[in-house]
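These protein sequences, in sequence, are chains A and B. Under the numbering used here, the final residue of the first sequence carries the number 227; numbering is consecutive throughout. Under the numbering used here, the final residue of the second sequence carries the number 248; numbering is consecutive throughout.
Hints are computed from structural coordinates only; laboratory data are not their basis. Each hint should be verified, as a subset may be incorrect.
Unchecked claim - Some chain B residues judged to face chain A by a derived CB distance under 10 Å, without partners named:
#: 1; residue: Leu-55
#: 2; residue: Gly-58
#: 3; residue: Gly-76
#: 4; residue: Ala-78
#: 5; residue: Lys-83
#: 6; residue: Tyr-107
#: 7; residue: Ala-115
#: 8; residue: Gln-116
Said to hold, decoys possible - Using C-beta positions, here's what the derived DEER-type ranges look like:
#: 9; chain 1: A; residue 1: Leu-50; chain 2: B; residue 2: Asp-140; range: 50 to 58 Å
#: 10; chain 1: B; residue 1: Arg-235; chain 2: A; residue 2: Thr-115; range: 34 to 42 Å
#: 11; chain 1: B; residue 1: Pro-40; chain 2: A; residue 2: Val-51; range: 34 to 42 Å
#: 12; chain 1: A; residue 1: Arg-37; chain 2: B; residue 2: Gln-25; range: 49 to 57 Å
#: 13; chain 1: A; residue 1: Arg-130; chain 2: B; residue 2: Thr-131; range: 54 to 62 Å
#: 14; chain 1: A; residue 1: Leu-48; chain 2: B; residue 2: His-18; range: 30 to 38 Å
#: 15; chain 1: A; residue 1: Pro-26; chain 2: B; residue 2: Lys-29; range: 55 to 63 Å
#: 16; chain 1: B; residue 1: His-18; chain 2: A; residue 2: Leu-50; range: 32 to 40 Å
#: 17; chain 1: B; residue 1: Ala-21; chain 2: A; residue 2: Ile-200; range: 55 to 63 Å
Every value quoted in this text rests on a predicted model; they were computed, and no experiment measured them. In this text, a Cβ means the ideal position worked out from N, Cα and C, and glycines have one as well.
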Amino acid sequence: MDWQAFFLTFKLATMTTAILLAVCIPLAAWLVLGRARWLAVIEAAATLPLVLPPTVLGFFLLVLLGPRTVVGRGIAAVIGHPLAFSFDGLVVGSVIYSLPFALQPLVAGFSAIPTSLLDAARLLGASPARIVRTILVPLAKPSLIVAVVLSFLHTVGEFGVVLMLGGDIPGATRTLSILLYNQVENFDYAAAMRTAGLLIAFSLVALVLIYSRARAGLTPKGERSRA
Amino acid sequence: MPEPPVSEPGLEFEIDAHRGAFHLQVAGKFTAAWTVIFGPSGAGKSTLLHLLAGLGEGKLVRVKLEGRALNDSSRGFAVRPGKRQTGLVAQEPALFPHLPVADNVGYGLDAMERAQRVRRVEEMLALVGATELAGRRIQDLSGGQAQRVALARALAPAPALLLLDEPFSALDGPTSDALLERLQAWTPANRMQAVMATHDATDALALGAEVLLLEAGRKIAQGPATEVLAAERARLRNRLDGCKGRVL
Numbered sequence: 001m002d003w004q005a006f007f008l009t010f011k012l013a014t015m016t017t018a019i020l021l022a023v024c025i026p027l028a029a030w031l032v033l034g035r036a037r038w039l040a041v042i043e044a045a046a047t048l049p050l051v052l053p054p055t056v057l058g059f060f061l062l063v064l065l066g067p068r069t070v071v072g073r074g075i076a077a078v079i080g081h082p083l084a085f086s087f088d089g090l091v092v093g094s095v096i097y098s099l100p101f102a103l104q105p106l107v108a109g110f111s112a113i114p115t116s117l118l119d120a121a122r123l124l125g126a127s128p129a130r131i132v133r134t135i136l137v138p139l140a141k142p143s144l145i146v147a148v149v150l151s152f153l154h155t156v157g158e159f160g161v162v163l164m165l166g167g168d169i170p171g172a173t174r175t176l177s178i179l180l181y182n183q184v185e186n187f188d189y190a191a192a193m194r195t196a197g198l199l200i201a202f203s204l205v206a207l208v209l210i211y212s213r214a215r216a217g218l219t220p221k222g223e224r225s226r227a
Numbered sequence: 001m002p003e004p005p006v007s008e009p010g011l012e013f014e015i016d017a018h019r020g021a022f023h024l025q026v027a028g029k030f031t032a033a034w035t036v037i038f039g040p041s042g043a044g045k046s047t048l049l050h051l052l053a054g055l056g057e058g059k060l061v062r063v064k065l066e067g068r069a070l071n072d073s074s075r076g077f078a079v080r081p082g083k084r085q086t087g088l089v090a091q092e093p094a095l096f097p098h099l100p101v102a103d104n105v106g107y108g109l110d111a112m113e114r115a116q117r118v119r120r121v122e123e124m125l126a127l128v129g130a131t132e133l134a135g136r137r138i139q140d141l142s143g144g145q146a147q148r149v150a151l152a153r154a155l156a157p158a159p160a161l162l163l164l165d166e167p168f169s170a171l172d173g174p175t176s177d178a179l180l181e182r183l184q185a186w187t188p189a190n191r192m193q194a195v196m197a198t199h200d201a202t203d204a205l206a207l208g209a210e211v212l213l214l215e216a217g218r219k220i221a222q223g224p225a226t227e228v229l230a231a232e233r234a235r236l237r238n239r240l241d242g243c244k245g246r247v248l
């Protein structure tokens, strides 16, 4: 078993999820609370990774973050190495690739909170940041959990973006899904079975944990309990 | 240096707003400590209160409180809801369901230090007769209790203008009257002006307030409760008599 690939995948998914939460909570709040028409453009752009083939996304990122563009050269100058074919590059790619999976549940959860509560908070002098912290996030906790699980597991399962942007460097960009691809290419089906089994088991266990927690929170009346 | 603006007492407004097919077009000046907006449901009372609170927009929204402009849509000017010293108790109490009663009442006291905030919350709960509810969960409150807590929450930051939208609909008559009486005694010392929307004439009469009669988005009359309501009663009686003639 290639535990290096396992821990690399785990590290990538954890970092991606943490960054996505930090980005998507304020972004979702802005989309829900803001009234400007052009916010629809932002929401559409943020949903784009959902409909693009991962290879297309990976290809664009490879070009953008590579040494031939101003962006790529700028980043390389700041962090000391090009982002393409590095772990940091994979984090950037994963964040963009999984963005809709964190954003959409949060937007749905925040929009379900009655406007009257937001109006009450506003009238009592709460700033937008305080409304997010004290009203939106606590009341949309189930959506927050869904956002975490989906972005984590979606990152664990990504393949096209990693292959395009990261290549296959052991310890830096060889994730479980790339490992599996290599094993199948080498006709090592026994190893491929173990890797695939590990991916399935890991995702299943994570989902069962989340859903059992979510179900425990349901009272007979179907009300949400407060954890 | 320019002269500081002379402080004009009271609330002045000029509003022209559409909500679907409904058109609210009303202007007025409230100088009494208590003003009642009286009218049937659908007259535009809630819409008017929301616009006065700075929640929502209209074709023309001009609001001035104590000589200070809060809205002037012609200049694209609007003071945002939390900065208007305006409290609102909406028809539906809109308490924060994840916070206990005391935290709901203290929500608007963020800038206050802890000990002072605790004292203020106790004081407000005592004022609305809900001291024993401090530790309760919102889910465990009755409709009337929730309305008392919502009132305490709106009063806590000591607003200059308190807007009440049918605030005691879940309380029985005598309880509602007692609460109004207590509130009315409290307002002058706290320099608060109150505007209450209701479709219950007894509220208006009990307060002895100034009354604005609103119907289908238009101001029909404004004046002391006894006068405006007497005229309204005469009008309704005439209409009823007319009906009677037809039925018999």
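Comparing the hints with the structure gives:
1. Leu-55: The hint holds - B:Leu-55 has a Cβ within 10 Å of chain A, the shortest such distance being about 5 Å.
2. Gly-58: violated (14 Å)
3. Gly-76: violated (14 Å)
4. Ala-78: violated (12 Å)
5. Lys-83: Status holds, d = 7 Å.
6. Tyr-107: holds (5 Å)
7. Ala-115: violated (20 Å)
8. Gln-116: violated (16 Å)
9. A:Leu-50 / B:Asp-140: 50 to 58 Å: Since A:Leu-50 and B:Asp-140 have Cβ atoms about 42 Å apart, the given range 50 to 58 Å is violated.
10. B:Arg-235 / A:Thr-115: 34 to 42 Å: holds (36 Å)
11. B:Pro-40 / A:Val-51: 34 to 42 Å: violated (51 Å)
12. A:Arg-37 / B:Gln-25: 49 to 57 Å: Since A:Arg-37 and B:Gln-25 have Cβ atoms about 27 Å apart, the given range 49 to 57 Å is violated.
13. A:Arg-130 / B:Thr-131: 54 to 62 Å: Given about 27 Å between the Cβ atoms, the range is violated.
14. A:Leu-48 / B:His-18: 30 to 38 Å: holds (36 Å)
15. A:Pro-26 / B:Lys-29: 55 to 63 Å: violated (42 Å)
16. B:His-18 / A:Leu-50: 32 to 40 Å: holds (37 Å)
17. B:Ala-21 / A:Ile-200: 55 to 63 Å: holds (57 Å)
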